[in-house]
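Make the full structure from the sequences, and use the hints.
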Amino acid sequence: MPARDFCLLVLVCLTWATNAIVCKLAFEAGAPPLVYASIRSVLIALAVSPWLLPLPPNAIRMAVAAFLIGGGSFGLVFVGLATASPSGVAIVQQLSVPMTTLLSVVVLGELIRWRRGLGIVMTLAGVLLVMWRPEAAGLETGLALAAVSAIASSIGAIMLKQMPAIQPLQFQAWVGLTGIAPLFIASLVFEDGQVEGLIRSGWLFIGAVIFSALIVSVVTHTVYYWFVHRYDASLVAPLMLMVPLFTIALGVLFTGDSFDLRMALGSLLAILGVLVIVQRTSRPEFRPGP
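Each residue of the sequence shown is one higher than the last, beginning at 222 in our numbering.
For the record, the hints were derived by calculation from the structure and aren't laboratory data.
As the structure is a prediction and not an experimental result, all values here were calculated from the model.
Take these hints with a grain of salt, some might be off.
Using C-beta positions, here's what the derived DEER-type ranges look like [claimed, not checked]:
id, residue 1, residue 2, range
1, W424, R334, 26 to 34 Å
2, S270, F480, 40 to 48 Å
3, M384, V410, 29 to 37 Å
4, Y452, A365, 33 to 41 Å
Ideal Cβ placement from N, Cα and C applies to all residues, glycine included.
Here it is, written out as structure tokens:
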């Protein structure tokens, strides 16, 4: 990979990691996570609306997959991020890689050998170590929601594998469209004081949601998919592990994330496990945007 392309991929990873920090700061300032997610969906849908049509062959399946990977997954992870650290969320979301692999075995009949099996076990062990709260003898709620988000995204990814190929911007259009109504309804049911929260977070909310929707989801996703088509998965997929590493570094610097021995060991196990899995994968996981 030429140095120019490598630097561009590093910028993509850094942008995705920055997104977690920006979202966390917006939530700490008072922005309700579900309202944030719904407005983000609106902006995505508007930005890529020209690519919504023509309808794919199985529009209902596409809508479900888009919601699981998009609005449903992001709604859960944003609610989790409101209470959990960006570093912890970044590691727990690596759960999507082994979950997609396991679902491929169950649903698609794919085979895995012992090395990928070992990678799955390592990732699961690392994620559980990060999620575990020794003082409460239980799992941290925010990180548990991030884990459910990763599982939802994995189910959506398997549904996509069963469908004809779709252009990235068309899929993003479906991600935006299918997330609007469910997330607005979820906000009405589970949140209150939405208007006050948005006013309190002010320009931080406005800047964060525009950055998350347009720069992160639309622009960098398109760049990422260009890499997927241009380079082998064995090269691209391991390099994407820069995302959780950057998130941990930025979280420690800007949101005061704790990075103790338990977090370090869990992160190391999870990232090494993902590295083992993706090195045995024919193509990288489809990413609609972080």
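Cross-check of the supplied hints:
no. : hint                    : in the structure
1   : W424 x R334: 26 to 34 Å : 52 Å, violated
2   : S270 x F480: 40 to 48 Å : 41 Å, holds
3   : M384 x V410: 29 to 37 Å : 31 Å, holds
4   : Y452 x A365: 33 to 41 Å : 35 Å, holds
In the structure shown, a violation is registered for the earlier hint numbered 1 alone.
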